[in-house]
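Enquirer: Listed below, chain by chain, are the residues.
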Amino acid sequence: MKKNQLLEKIIHGVFLILGLITVGCVLLITVYLVISGLPAIQKIGLTDFLFGTKWASTASDPKYGILPFILTSIYGTAGAIVIGVPIGFLTAVYLSKIASPRVKSAMQTVVSILAGIPSVVYGLVGMLVLVPGIQVIFGVADGASLLAAIIVLAIMILPSIIKMSITALDAVPKEYEDASLALGATPIETYFKVSVPAAKSGIAASVVLGVGRAIGEAMAVMMVAGNVPNMPNSLFQSVRFLTTAVSSEMAYSSGLQQQALFSIALVLFFFIMLINATLNFFLKREKE
Amino acid sequence: MNKTMKKMMVAAVSMAMLAGCSNSNSGGKGTVTTDGSTSMEKVIGALGEAYQQETGVGFTYNPTGSGSGIKAVQEGRCDIGLSSRALKDEEKESGLTETVLAYDGIAIIVNPNNTVEDLSLETIAKIYTGEIKNWSEIGGKDGEIVLIGREAGSGTRDGFESITDTEEKCQYRQELTSTGDVITTVSQNENAIGYASVASVKDTVKAVKVDGVSPTEETIKDGSYVVQRPFVLVTKTDGKLSDAANKFFEYVTSADACDIITASGVVPAYKEGK
Chain S
293 MKKNQLLEKI IHGVFLILGL ITVGCVLLIT VYLVISGLPA IQKIGLTDFL FGTKWASTAS
353 DPKYGILPFI LTSIYGTAGA IVIGVPIGFL TAVYLSKIAS PRVKSAMQTV VSILAGIPSV
413 VYGLVGMLVL VPGIQVIFGV ADGASLLAAI IVLAIMILPS IIKMSITALD AVPKEYEDAS
473 LALGATPIET YFKVSVPAAK SGIAASVVLG VGRAIGEAMA VMMVAGNVPN MPNSLFQSVR
533 FLTTAVSSEM AYSSGLQQQA LFSIALVLFF FIMLINATLN FFLKREKE
Chain Z
28 MNKTMKKMMV AAVSMAMLAG CSNSNSGGKG TVTTDGSTSM EKVIGALGEA YQQETGVGFT
88 YNPTGSGSGI KAVQEGRCDI GLSSRALKDE EKESGLTETV LAYDGIAIIV NPNNTVEDLS
148 LETIAKIYTG EIKNWSEIGG KDGEIVLIGR EAGSGTRDGF ESITDTEEKC QYRQELTSTG
208 DVITTVSQNE NAIGYASVAS VKDTVKAVKV DGVSPTEETI KDGSYVVQRP FVLVTKTDGK
268 LSDAANKFFE YVTSADACDI ITASGVVPAY KEGK
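Chains S and Z are the protein sequences, given in the same order. For the first sequence, the numbering used here begins at 293 and goes up steadily by one. For the second sequence, the numbering used here begins at 28 and goes up steadily by one.
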């Protein structure tokens, strides 16, 4: 008996330590990012840094304005949501409510595979198929552009949107739908007027998750977006995202340039924290 | 349950031991530390490996970029610094010496379907600064020129821009982060032009002549192909190298090392009877 209690305590302790490792990592990263990101912001000046429109980190008179990156990240994510959410949402409604069980399980497997494809593969396919495709279809000189990045991101966020929306829609009590059907509503009316509103928090959370995935993606967009720090004034322009701004210059950077890259990472970190807070808000509301 | 746990433990312990072993190979005879240019990774890696095999002396290479490598020597954090550009005058005055290890040509590459074969250095500069915008202006097919370059800080970009005198003036359409990406992109787009280390150029793209000279080992060595940069070993002028570092230095600048340097795609600077 006593031995069992001791064992319980030890295992309890082990789990606590494992849990603390995770928390510790988050704290460590946060503290490190803040410490290494702040000096450059101080040197450059917050408004010059956030709202400066020119990035020329290696010029003899260096400019560190990251507004182009911020806008590109926002536009790119918004574009991906505009394309990805309708597709993902309607797919989820179909799979959850309309599709036969066999079709549902087959398609869910495919969606899971889509989620498991490494982002570099998305980037590669985008680089070899999408970029030349855009060039031919739209008759532009070069296809590496904001549009290419938006399309790649839209595809990448599909799995998170579909999976989470299906979970939310599956959880709607059958009685709701039965009641609606019994009152004479057609199945489609029932799905969109009863099931979807009942699952709206979960669906909203899936969209936020998609936003988080899109804004944090680096590898795939680096391969299709062209990476020139332009202000994103057109869909066919070569642009640089917050993530790619960090990853493309980090390898060779030094001094203030490197510190500024950490500051960009800090800004990105804030964005993602904001998105996480929103996500938690929706998930909490769903539980209530 | 218990059995699987035991098996996993055994696996973990044996892996840890293996990892330990591979680290302890190089001890005893000192090590040579190098730090710097990422463009030199291939050549210095091959040299380091060969030297390690021959002598058993440990060798480390820290790919940080030319600027950081030079700084590392200055601060005494490494034995030999690696730079893919010649030292600036102020760097030499601060007590550093350069020894050219090899020359690396930067090829100007276009799509194989492009009819342009020869460009002058001046034309290349005009193309990259956006003065010439269409291939038809310089005898090619009609099509907007798509400028492909490397990211800020890249040694190849630095080399290209300083040779063509286009620093901070290039109107890039794409800034890619590796030589391979540049070559792939140029091979995909008929109107693209890019630059890449001669060693990496493949059949999927065409290297144009610059001022009538095509980039080959001879033209790079005799200097007639102008778009080239030196790979430099940086040491302290007054400081003495450690024995291990000194031997490594002599080895890589000797005739024996030439084959290895050539095999990694650059032109050795070694001259007979020097």
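What the hints contain is simulated information worked out from the structure, not anything from laboratory work. Be a bit skeptical, because a hint or two may be false.
Claimed, not checked - Okay, the calculated bits of chain Z under chain S, using three or more residues with CB under 8 Å as the criterion: (1) 170-176; (2) 203-210; (3) 213-227; (4) 234-244.
Stated by the list, open to error - So the derived label-pair ranges between C-beta atoms look like this: (5) Z:N89 <-> S:T345: 30 to 40 Å; (6) Z:E158 <-> S:L548: 24 to 34 Å; (7) Z:D238 <-> S:L338: 26 to 36 Å; (8) Z:E158 <-> S:L330: 40 to 50 Å; (9) S:Y324 <-> Z:K196: 30 to 40 Å.
We treat Cβ as the ideally placed atom computed from N, Cα and C, and that holds for glycine.
Enquirer: Indicate, hint by hint, whether the structure satisfies it.
Expert: Going down the list of hints, with the structure as the test:
{"no.": "1", "hint": "170-176", "verdict": "holds (count 4)"}
{"no.": "2", "hint": "203-210", "verdict": "holds (count 3)"}
{"no.": "3", "hint": "213-227", "verdict": "holds (count 4)"}
{"no.": "4", "hint": "234-244", "verdict": "violated (count 0)"}
{"no.": "5", "hint": "Z:N89 <-> S:T345: 30 to 40 Å", "verdict": "holds (36 Å)"}
{"no.": "6", "hint": "Z:E158 <-> S:L548: 24 to 34 Å", "verdict": "holds (32 Å)"}
{"no.": "7", "hint": "Z:D238 <-> S:L338: 26 to 36 Å", "verdict": "violated (49 Å)"}
{"no.": "8", "hint": "Z:E158 <-> S:L330: 40 to 50 Å", "verdict": "holds (42 Å)"}
{"no.": "9", "hint": "S:Y324 <-> Z:K196: 30 to 40 Å", "verdict": "holds (37 Å)"}
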